[in-house]
Every structure is written in structure tokens, then in C-alpha cells.
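Colleague: What follows is each chain in one-letter form.
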Amino acid sequence: MFAYFVRRVLAAIPVMLVVALFVFLLLRLSPGDPAAIIGGDMASPEQLAAIRQNLGLDRPLHVQFFVWLWQLLHGDFSTSLMAHTGVLSMIGQRLEPTLSLALVATALTVLVAVPLGVLAAWRRGSWLDHTVMSVSVLGFSVPVFVIGYGLTTLFALQLHWLPVQGFKSIFDGVGPFAYRIALPALTLASAHIALVARMTRASLLDVLGEDYIRTARAKGLGELAVLFRHALRNAWVPILTVIGSGFALMISGVVVTESVFNIPGLGRLIVDAVLARDYPVIQGMILLTSGVYVLINLLIDMSYAISDPRIRY
Amino acid sequence: MSKPVSLGLPAPRRRWAKLPRPPLAVALAALVLLALIGMAVFAPWFTHHAPQALAPALRLKGPSAEFWLGTDAYGRDLYSRIVYGARVSLTVGLGVAVFSVAIGLPLGLLAGYFRTLDALLMRVMDGLMAVPGILLAIAIVSLSSAGLATVMVAIMLPEIPQVVRLVRSRVLSAREEPYVEAAVLMGTSTFKLLARHLMPNTLAPLIVQGTYICASAILTEAILSFLGAGIGTETPTWGNIIAEGRLYFQLKPGLVLWAGLALSLCIVSINLLGDAARDALDPRMKKR
Numbered sequence: 001m002f003a004y005f006v007r008r009v010l011a012a013i014p015v016m017l018v019v020a021l022f023v024f025l026l027l028r029l030s031p032g033d034p035a036a037i038i039g040g041d042m043a044s045p046e047q048l049a050a051i052r053q054n055l056g057l058d059r060p061l062h063v064q065f066f067v068w069l070w071q072l073l074h075g076d077f078s079t080s081l082m083a084h085t086g087v088l089s090m091i092g093q094r095l096e097p098t099l100s101l102a103l104v105a106t107a108l109t110v111l112v113a114v115p116l117g118v119l120a121a122w123r124r125g126s127w128l129d130h131t132v133m134s135v136s137v138l139g140f141s142v143p144v145f146v147i148g149y150g151l152t153t154l155f156a157l158q159l160h161w162l163p164v165q166g167f168k169s170i171f172d173g174v175g176p177f178a179y180r181i182a183l184p185a186l187t188l189a190s191a192h193i194a195l196v197a198r199m200t201r202a203s204l205l206d207v208l209g210e211d212y213i214r215t216a217r218a219k220g221l222g223e224l225a226v227l228f229r230h231a232l233r234n235a236w237v238p239i240l241t242v243i244g245s246g247f248a249l250m251i252s253g254v255v256v257t258e259s260v261f262n263i264p265g266l267g268r269l270i271v272d273a274v275l276a277r278d279y280p281v282i283q284g285m286i287l288l289t290s291g292v293y294v295l296i297n298l299l300i301d302m303s304y305a306i307s308d309p310r311i312r313y
Numbered sequence: 001m002s003k004p005v006s007l008g009l010p011a012p013r014r015r016w017a018k019l020p021r022p023p024l025a026v027a028l029a030a031l032v033l034l035a036l037i038g039m040a041v042f043a044p045w046f047t048h049h050a051p052q053a054l055a056p057a058l059r060l061k062g063p064s065a066e067f068w069l070g071t072d073a074y075g076r077d078l079y080s081r082i083v084y085g086a087r088v089s090l091t092v093g094l095g096v097a098v099f100s101v102a103i104g105l106p107l108g109l110l111a112g113y114f115r116t117l118d119a120l121l122m123r124v125m126d127g128l129m130a131v132p133g134i135l136l137a138i139a140i141v142s143l144s145s146a147g148l149a150t151v152m153v154a155i156m157l158p159e160i161p162q163v164v165r166l167v168r169s170r171v172l173s174a175r176e177e178p179y180v181e182a183a184v185l186m187g188t189s190t191f192k193l194l195a196r197h198l199m200p201n202t203l204a205p206l207i208v209q210g211t212y213i214c215a216s217a218i219l220t221e222a223i224l225s226f227l228g229a230g231i232g233t234e235t236p237t238w239g240n241i242i243a244e245g246r247l248y249f250q251l252k253p254g255l256v257l258w259a260g261l262a263l264s265l266c267i268v269s270i271n272l273l274g275d276a277a278r279d280a281l282d283p284r285m286k287k288r
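Chains as they are written, first to last, in the UniProt record's numbering: chain S, 1 to 313; chain W, 1 to 288.
Please note: incorrect hints may appear among the correct ones.
Said to hold, decoys possible - So the derived list for chain W, only partly shown, Cβ under 8 Å to chain S, looks like this: (1) A195; (2) R196; (3) I223; (4) A229; (5) L257.
Unchecked claim - Here are the computed distance ranges between Cβ atoms for each label pair: (6) S:A225 x W:F114: 34 to 42 Å; (7) S:D33 x W:A182: 55 to 63 Å; (8) W:Q52 x S:A49: 37 to 45 Å; (9) W:M122 x S:L157: 43 to 51 Å; (10) S:G166 x W:I103: 37 to 45 Å.
As the list claims (entries may be wrong) - Some residues of chain W that are not near chain S, with every Cβ distance over 12 Å (derived): (11) I37; (12) A40; (13) Q52; (14) A53; (15) P56; (16) P106; (17) D118; (18) D126; (19) P200; (20) S264; (21) I270.
FYI, nobody ran anything at the bench for these hints, they're computed from the structure. As the structure is a computational prediction, the values presented were derived from the model and not from experiment. For glycine and all other residues, C-beta sits at the position ideal for the given N, C-alpha and C.
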């Protein structure tokens, strides 16, 4: 298994190289002077010259790429135009709200979607199954911001149960944190819940026809034990894949959710960077999120090998 | 060893003749979509206010006989703006679906057939797929001018790898079939082999995938417009109607919710049609 892990880690390197190459070419091939894009509208001629010097624009393209890559590997992600601070430290400051939101949303997804999917598969063809399935079509078809504003209208403007927007750190107390994160997390989780519930149902249906399920029932196990201990355990791998690959889904969701609920996280940072044409920040965010995406896929692949002993490489 | 011909073959592809009557939801979805397309194409006939017509004296009015859904913060007719907004959404959805299939199909055929090309091409596709689509689109739009074409290219780029992978996987399994071997032995040219023998295997799943790409492109366009990284605000789109409406959301939720309803209806309908097409064309194929 260790050899497999090493192989997977090595396979991730070319993927990240392609991402880096892509981000690099995006800037170089776009119309206009890369130095002017990096420097922004306010840059003086001296600053532009310094940037050109730093980027090595007079050197051949492949040399520029490796110089840039070398800087990245040393943690030099260039400087934000908006804040005049390093891109990495800027991202670090905005990490907590986004991480809280994503973790709460993922927890919500697993807690809601997996039982729903199991129920739907267990009572296949019943009204419950039909309801879960049709609501889930809505769940991943209705855009995040529509769900966000719909939930806000209901729970904040009509019922006054929850606040319209805002964020409090969990370090300021769990109560205020939960009070403000509930709606954004539910909004972000909605599409995810729909997908995971469908996948849980489909994956469980595949398994429920197996002999060992009949055996488990025949030896008198309760339905709960049959469903969760025997069926779900064997149906787990595709469900895990959806939960993991839903990360990409969550990134676009985070960008929108943070805008709807005015949460000062990475999503807001991207939107602000786009509005300010702050290319260094956009570039840093793409590299970072792609890296995390590759890393999560790596972890999922490894967790297969650990959680399902039938998978051997 | 050769097996009996009737075993192990996929279900016959032409199933239109045996197509069961569509369920109510699918029929409704088709109707909604047709209505939206009709409204988009003949937008001037369905509205009696220009979507850009300003009327500062009539800002933020409620629904009335004159303004069916009320007016926005500049006194523009919300209903007209939503009708015209359908044009952008449907153009982007259809355009992205057609072009990403048109670009992804040949790439996938080549990758599936030529082993040497495959390794290189698929690494590039893996890299492209690792970048979250929305961020890629944002980066492209923020680097160039924000026109319809830029937005479409930006949305298309992350979709292409999906098409390539799908086509490639179909080609990989089809190229082992005896009829492909027979065609090779008969000296069929590579082009003809790809176009006549391998490509037809990919069409059914591509129709389904194309439908989902259409829905996802409409969604991404709306998100880009909503974030201010779409086509300019002078053209009404469902995304920028929502973005402008959100400033007055607590006062007039309708400014956000009506465009949101149009957008959701459109995407739900396309997804339902995609599901129906999948069930009809290939019952074994599961949604990604």
C-alpha cells in the first residue's frame, strides 16, 4: 500500500505543474502588458520597470516560467494590489470564515444526506423515496444564491429566527457562531446534500440486493444494523467520492454564499480581487484551491485503500 | 474465441420507436423550456417596455398592470429585464454546450485512439480539471474584456475536459470490438475509422452530457454576472438583475427572487430533460 501512496503523490506533481503552466500562460498570453496587469493602473513607470525586471520579461518564455515557479516554491506569491501585502498572508487572514463555513456545510451534508439516501433506498418506490429524489433535483438545479436569498426571505425577513447576514468567529463563542453560520452553511450545503443523497441511494440500492444482506436479515439483525453496518459500509466508496469531488462544487458555492451573506472569507477576497483587477490575488487563489483540490483527491484515493480492504493496488 | 452475437452486446441504440410516453415532469420541463426559448427569441413581442428604459420617478414600484413584476432601483421594468435576460442565458447555455462538444469530441477521439497522444493530452486535461471552473472563468474574464464571447470561452474551458474524458473512455472500450478490428484489417483509413466506426459510440452519452453542460453553463454565467465578472451591466442578464436587486433585497425581495425563479426553472427543466434523455438513450448510464 505504501508504494501505491508514493505513486499517487508522484502522479499529483505533473497535474500541479500543468495548473501552474496554465496560470502562467493565462497572464502571458492575455492581451496587454503582464507588468501592467500585475502592477495595476496606479503603478508608476519605475514600478513597472521593477516588475518587468522581476518577471524577467526580456528573457525567453520557458526561462520566465521556471523563474516564476522557483519563486512560487519559495512561497513568493507576489504582492496584492489592493492591500499592498503578500498574497499568502492575505489569504491566511481570510481563511478562518471560509474554513468554518465549508466544514459546517460538509458536516451538515453528511448528517442530512446520508440518512436521507439510506431511507430512500430502504423504502424504494415509496412516497418518501419520490420526495427525496424530486427535492434533490431541485437541490442541485436551483442556484446557490437563489437558495440563499430564498432561505433568508423565509427565516430572516419573515420569521425573524436568524440574522440576514454576518459572521462571528467560533472563538467568540459557539452560540453566536452557530446563530450566524446556520443559514450560510445550509445554503452552501444544499446542492451537496442533493448530490450525496442521490449517490447514497443509488450506491445502497446496488448493495441491498446482495446475498450477505439477506444473510444479515436472516440471522435476525435489526434493520438499522443491516442498513448502516452492513449495507452502508459496503456502499461507502462512491459516496465518499461524491463528498470529496463536491469540493469543487463547494468552491463556487463559497464564492457566492459569502457574497450573499457578507462573510469576510476567501470567496469575498476573490470577488474583491476581480472587481479591483487584482491579478496576483486571483492567481494565488487559483493555485491554492487547485492544490487543495488535488490534495483532497489524493486523500480520498488513499482513504479508499484504507477503508475498503477489497481495494488492492 | 467468438461468443454468440446476442450476448454481451449493448442494448440497441435506436430506441425512439419504443420510447414510452414521457412522465408529466419531463413534459412540463419541455414546455417550460420551449416557452423560455420563445420568450427569448421574440422578446419584443412579450414586453412593452424596453429593458433599459429608465424611469427615475417610478423606482422600486410594486407589481402593477403597467409593470407586471414592479420596477427596479432605476425604475426599469423588472419583467422586461427578465424576459430579455433569457436571451443571454440561453445563448450561453446552448453555445457552450455545442462548442465544448465540438472541441472535446475530436480531442477525445484522438486521445482514445493514439496512445502516445493520450498520455500528454490527459495530463493537460487533469490539470485543467483541477482548477475549479468558476475560478478559471473569473480569471479569464478579469484578464480580458468582459464580452459575451469571453464569458463563453471562460465557461467552456473547464467543461471541455469532461467531454474529452467521456469520449475517450467510450473509444477505449469500442476499439476492442471485433468490428473495429475488421475495419482495420480491411484497410480503412484512420479518419474514416474514427468518424464512421468509433464516433457513433460516443453520440448517445454526448447528447446527455451536452444537456448537463448547457444547464451548468447557464448557472455559471449567472454566477459570473452576479459576482460582477460577467458581461457588462448594460445588457440585462438574470445574474446581474439579481446582483443589482440584492442592494434592495430586504425592502423588495421580488427584485432578487423573480429572476432567481426564472433561472431555477430554466436549469431544472434542462436537467430533467437531460435525465430523460439519459434514461431513453442508455439506461445503464448513471449521472456523474
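Colleague: Looking back at the numbered hints, which does the structure fail to meet, lowest number first?
Modeller: Going through the list in order, the structure violates hints 1, 2, 6, 18, 20 and 21 and respects the others.
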